[in-house]
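So the chains spell out like this:
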Amino acid sequence: MPEAIEPRTARPLLTPDFMAKLEALGLVSKKILAGKLRGERRSRKKGESLEFADFRNYAQGDDLRRVDWSLYARFERLFIKLFQAEEDLSIYLLVDASRSMDYGSVNKFDYARKVAAAIAYVGLANLDRVCLNVYTGKKEFVLNDVRGKQQTMKLFKFLSDIQAEGETDLQSATKRFLLRHRRPGICLVLSDFLDPQGFENPLRALVSARMDTFAVHVLAPEEVEPNLTGDFLLVDAETGERLDVTASRRLVENYQKTVRGFCSSLQQFCAARGVAYLFASTDLPFEALILNYLKRVGLVK
Amino acid sequence: MNFLVPLGLLGLLGIPPILLLYFLKLRREERVVPSTLLWKKVIQDLQVNAPFQRLRYSLLLLLQLLLVALLAFALARPFLALSAKQQERLIFLIDTSASMATKDAGPSGHEARLDAAISMVKKKLEDLPPRAELSLISFDQETTPLVNFTSDRAQVIAALDKLEVRHLRTHPQDGFEVALAQSEEHDNAEVLVLSDGCFDKLSLQRLLGSEAAGNTEQISQQKLNRFNFVRFGDEETDNVGITSINADGMPVRGSDGTVAIEYMVNVKVENFSSKDQEVTLRVSSENGQFAPFFKALSLKGRQRDDASGAVSGALDASYSEEAFKLPQGTTGVITAALVSHEDNFALDDAAQVVITRNEGLKVLAVLSDDYFLVKALTVIRGVQLTQMAPQEFLDKWSASGPTAFESYDVICFSGTPPPTWERGGALFFDALPPIPEYLDKGEVVEFPKNPDWNVRHPVMRDVTFANVDIARAHVWGVPPTATKLVIAPGDKVLISSFENRDLRVVACSFKNNETNLPMRVAFPRLIENAVNWCAEASPRRHPLSLLTGMPLILPRAVESLDTTLRLPTGDVRPVKLEPDTRTRVSETLHVGLYTLDAAAPYGRTWAVNLCDAEESDNAAHGAVHIGDTVAIQSSTSSIQSRHEIWHWLAFAAMGILLLEWCVYHRRLGL
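Going line by line, the protein sequences match chains G and L. Here the first sequence stands for residues 34 to 334, where the numbers follow our numbering. Here the second sequence stands for residues 189 to 858, where the numbers follow our numbering.
Bear in mind the hints are in silico, worked out from the structure with no lab data behind them. Treat the hints with care, since some could be wrong.
[As the list claims (entries may be wrong)] Some chain L residues judged to face chain G by a derived CB distance under 10 Å, without partners named:
1) E217
2) R219
3) T224
4) L749
Here the structure is a predicted model, which means the values were calculated and not measured. Glycine included, every Cβ here is placed at the ideal spot set by N, Cα and C.
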């Protein structure tokens, strides 16, 4: 009897052990970003946390419960005691689900959504607000404002249900994302960035919107070092465009050089704009990516 | 590069179908990639030459195209033209001398040199343009123009097919002169000398004639540049050969007073190779009159000077002279042969000599009073002397003519000459020889002082005229071709010798009793020498052992007689014996026995031998030397006008086929 094929959606994205490890992590933003709700992160705003921030003179209408009576006894003037406000952190995950991501012995899209799931779980565990934007060409799958670990399964199911399709259109996807989400936050872009229109404008737009942006460049090893010799008809997974190639050693070397140049140009673009760049080859275990490499770029601690 | 079969290039038409099939049947493997974005960038520059980009890296296609091209070229039989000149007129000067029978030429290295030369000429004929005119000259001892300039190939080939080695020595001078003359008459045609070069240097003076002295070296060189020498044969030889054989008869007087001849066969064996050789010489009789003699010989090798080919080193150790004393009474054919030795030149491995006489010299003395002459003739060993009075001689002469005296080897006339003397050997003392141009000037010389004498002539061997006084001598005019043996001052000939094809005479213009010569020891020596020298012209003494090229002199018959002569080749040639003249057969072109098929006393056998050290020394020479300064080096480029290379192309095609097989099965890619 053939073994029953397990539906991909039923496969858990993260293992319990790994999730336990993730709970010990927290997302870090280099910027202090304004939250929407009260959360666990210190805000520029003065709020009601237990952490003392400052004093100010009493003004009419202030809550008398916040008057520091000890100071009044000393200075015979009314002072209001101010505390640090604590807000939540918005974590935006932009996941490329175009057909180009559906490639590789370790599927690039699977890899990307696992990374997205892990980051989202870290955010949920820290009561951060997680927004998932998965764009597949013209279509877009959005899961907004998920908060708290109880939303984990919902988030996992959302990610698992999406199939890679359509063409890469980072620019329009970014545009639509920014129209919906004006509040700055950590924005993690998971893509192969193989967009005919370029990666520059989308990333520039995210930076302009004061997003703390992380570019995770997901590529399969077969893309970086293709094992091609002879005559091939290369078919573009997204557009279906066909390209005759007689893959000589020299041609393959030139291709590898071009890939390295492409990665290098993306990295330089990101570095120039304060965007953290992380090259993620799918042959790198994604657990190692989360626990080691994302720590190295400062996304998690 | 030229092609013998240009139609073979039609095979190149196989290339377009291969290209077509390549494009039509090119099965590209479909491979889905995330994006062709980067691939497009990579091949952007290559797409400029898109049609050829496909071809560039398809090794299999390239190999297939190369394979077809190579096969097409191979079918077209390409060749490299080795000779820049396209000869319109060509003279082949072919050596047919004995050494050309050496079997060390040709592709196998065991072909006769002449056969290899003929094959090469035939091959050359194929290469020449059809309008080219050819001349064919052969040379050995003689020069024979075989074909005058003609473009008729069949005629040339027919002449070549008739060519055979003639067992003669090489005299190339005439051949070169004829070829040069032909060349000058026909637009300075090129001369191809096909030979082994086994001959001495040619005379530059004779070749270029009087021009040689006056012309500049440049012009001489220009003339000689027409000669191209193609050598046949190895420069190293293994030949050991018999270079001399003769049978010397020693008269032995029996107890009964009769003289018999005991023969000593002298054989000279020479080693012409550079290696030491061990050979066995056998001397045997044709009819088994004695048990064969065997003699083992150890001959040292010869060292040659590489540049000139001249022999150096100890020559005396490279040959051996052996003498074999035959039992008394031996006659017939005696054969000396080298046994237990095989070399590539068989002509000198055996030699024969014919012994017919078993009696001494018969000398007739026609004199009335010459005591000293009779005494001197009597003491000559082996001579059977008969005396006859002059009148008796004249009577017999007038009765029977000269044939009455053909049984004598030599006739000595003292005081009275015969009416005529046309053949045979004779000594004349104080008798003017009846030979044209022997004239009595009517002068007399008395006591000539300090006569001069020719010590080189055989008659004067060991003879001195010092302290010889002659009281009175006639002054005779002698023929221009006569040899003056003793001359008195004023060019007055006292003793002379004369010889032609039929006779030998020695004439002495003084009486033996008017000189003190008979008192000298020189006198009997002079008489013996003269008798022996004149005896060579005796009809009885015509040699039956000859060298190739020498004529056979057939005997006279009483009446005309038609008979045949069997040659060593087995051929039979009709000959006619005449009563008045001796028939000469000059075609002794092969070594061996020539037999006249006639009853006694005419039937006889001649042994013809090569016995020529120059021909036996058959190591081919790398150059033909003309004069002291000119050397025409051997070069095969003049005879090989093309070099076909189709087989190399075929090998390359096979290699490419193998490579394609490897590439196909291993899926190698460049």
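| Index of numbered hints that the structure contradicts, given in increasing order | Number 4 - this is the single hint that the structure violates.
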